[in-house]
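Asker: Full structure from sequences and hints, please.
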Amino acid sequence: MEQQLEASTLGMWVFLVTEVMFFGGMFMVYILYRVLYPEAWVMGSNHLNVTLGALNTGVLICSSLTMALAVRSAQIGSRSGQVVNLILTIVLGSVFLIVKYFEYAEKFEHHLVPGPHFDMSLPEAPHQQLFFSIYFMLTGVHAAHMVVGIGLMLVILTMAMRGRFSSSYYTPVEVSGLYWHFVDIVWIFLFPLLYLLGAHLGAH
Amino acid sequence: MSHAIGTTGTSYLDAPHGLASWLLTKDHKRIAMLYLISITIFFAVGAMFAATIRAELATPQGDLLDSDMYNKIFTLHGVVMIFFFLIPSIPAVLGNFLLPIMCGTKDLAFPRINLLSWYIFIAGAIITLAAVFNGGVDTGWTFYTPYSSIASESSVTVAALGVFVTGFSSILTGLNFIVTVHRMRAPGLTWFRLPLFVWAIYATSLVMILGTPVVAITVLLVAAERALHLGFFDPTRGGDPVLFQHLFWFYSHPAVYIMILPAMGVMSELVAAVSRKQVFGYSFVAFSSLAIAVLGFLVWGHHLFVSSQSIYAGLVFSIITMLVAVPSAVKTFNWTATMYKGSVTWESPTYWVVGFMGLFTIGGLTGLFLATMGLDIHLTDTYFVVAHFHYIMVGGAIMGYLGGMHFWWPKMTGRLYSEAGAKASAILVFVGFNLTFFPQFLLGYMGMPRRYHAYPPEWQVLNVLSSAGASVLAIGYLLPAFYLTYSLIKGAKAPANPWGAKGLEWTIPSPPPTFNFEDDVVVDEPAYNYKPAREVHVG
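One line per chain: the protein sequences are A and B, in this order.
Counting in the numbering used here, the first sequence runs from 1 upward without gaps.
Counting in the numbering used here, the second sequence runs from 1 upward without gaps.
Source of the hints: derived by calculation from the structure; they are not laboratory data.
Hints should not be assumed to be uniformly reliable.
Taking beta-carbon pairs under 7 angstroms as the criterion, some of the chain B residues facing chain A (in silico) [as the list claims (entries may be wrong)]: (1) 109; (2) 214; (3) 238.
Stretches of chain A that chain B covers, calculated by requiring three or more beta carbons in the stretch to come under 8 angstroms of a beta carbon on chain B [to be verified]: (4) 10–17; (5) 111–123; (6) 134–143.
Quick caveat: nothing in here was measured; it's all calculated off a predicted structure.
No residue lacks a Cβ here, since even glycine has one placed at the ideal position from N, Cα and C.
Answerer: Below is the structure:
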């Protein structure tokens, strides 16, 4: 049992290393173009909805708390604690995706989605298009990870409701918790890099 | 070793029968066999594309294929051989089969993930095949932008998704190996008692988990650019095509070491076994694997000498690239030193060992030519490059793979094969290989570009030699298909240790029982403890 927990935890950490490399590729694209086109980045950032972004940041931080509480409940063997906290985590994750949906819809309305319909009247339009390409790619892939995470939590929730976990066996809860926290951390990087850049540099 | 030879128990091949018992198996040995069958098929497919290419190039005119078809054939040759044969070959077949046994454990850390990775591999292959039937891909296996993202009208998106999916299989396999080596080793099996094959697979796994996600995101960006009109690499939207090359080679150069490091691990095992000696400088060979894995991530820029990269960046990449020669030479010299004054016998694995060392040395030394910036500008995109990477990837990786298959075949199947057939195959592959690829060095030096389906008539002699060599090579590859299959039906039963080799895998019956070891294993001696030498039982 001890060996299993250690192996699973190490396995998840190694997997998260691959995830860091995966997002790392996109961050590298972000850094490079931000250095090349700083003005376009500031202007692009000003088109993002900081209020909704901040709201989502708060939602995700709360979900990390409920996830940590779910792991804690599993460790002390409280089944109701696990179920309540997992449900809260799933609800908060879903709220995040719903807010994201409204944000995306707003971008479509204002022709800020790269492609043939992009609003070319914007200053530095081609490079702003690049900013929005990176915005949609990073947040899109992050949202896909949230969907996977919510799916994972639904499985863990069913297992928890069947009483599969006890204070001596809670590996799946702990390991999927690691994944959930990782996805949150990615957002903690995305929010300032994408949303706060314009406000901070204060241009226009 | 504390474990007794000859304990009986149903072998993993005989255990439950039926297709379902294989397709739902969690036994690492059966999964290795599933991989063996699938990658053998992909090798045959890739080889047929190669044969078509060599047939086309036998004459200076493009009379067999038009240029569009030729582009699609060489792309598929590259994609199939690299992503579906070379990268998975040794880790997924020999690694899966041997790593748990060499670590003295009953299975890998995550048996179900291991099976899942095979299914993901097959799914990725099916998606890529869908691209073939959907008109093919004409970008070359490197998917260079902006051609792949804007201009090409072939099924780039589908092929890219196929590669993306296959990458997950690689990641999961690497993850499984790393966790197994860290957490599942038998008591007494310290890091420096591990067989060098395990060290090599461990280093390979590190490259897999750090590199594969980067190519995954890169092909995803290309797919997104094609499907959603995002513009990362498209200059009209402010993007930069050279960025693609940086991202792509950050994985794809280390990927060369995913192919060659396991082959080096196989060689270390074979060299020790055929010379019946402790590997000379064990820890140097072990650490050189890690050194190659680390350096492999720092040299991608040598693919960009003729891009917009600055000359200073080129200089740095040139120097670091040359550094890779150091650990590679450490290995080669240590193998030679191991064989020196060893009791070398000329069994079939010895032939593959010697062939590997010859071809890998030529491939490695010509790599230094290409690492030299000034020379590379002359040689870029010529047949010199084609010859160089075939010497490493075919001459190194496939020789290593075939050598390993011959060495462990009796263990994996419980049958002995024809020694004469195996020796003939090794010699044919060696001769055919040199005949195929050595003329390409000359052609490249004279300036024949790669990826062209027609060329000036004065280059025909060398091209005909190369195509003739490819036929010899083909016979060399086909031969094992016959005598190995024959051995399954009529071959003599293999003893537990036909080569008189050391290592945990030789202490259990051939083929091994489902759970490998009857009792818990305790290791109390270093790897390759060849004193006194054992007798050889091969007829």
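Asker: Need the list of violated hint numbers for this structure, in ascending order.
Answerer: none
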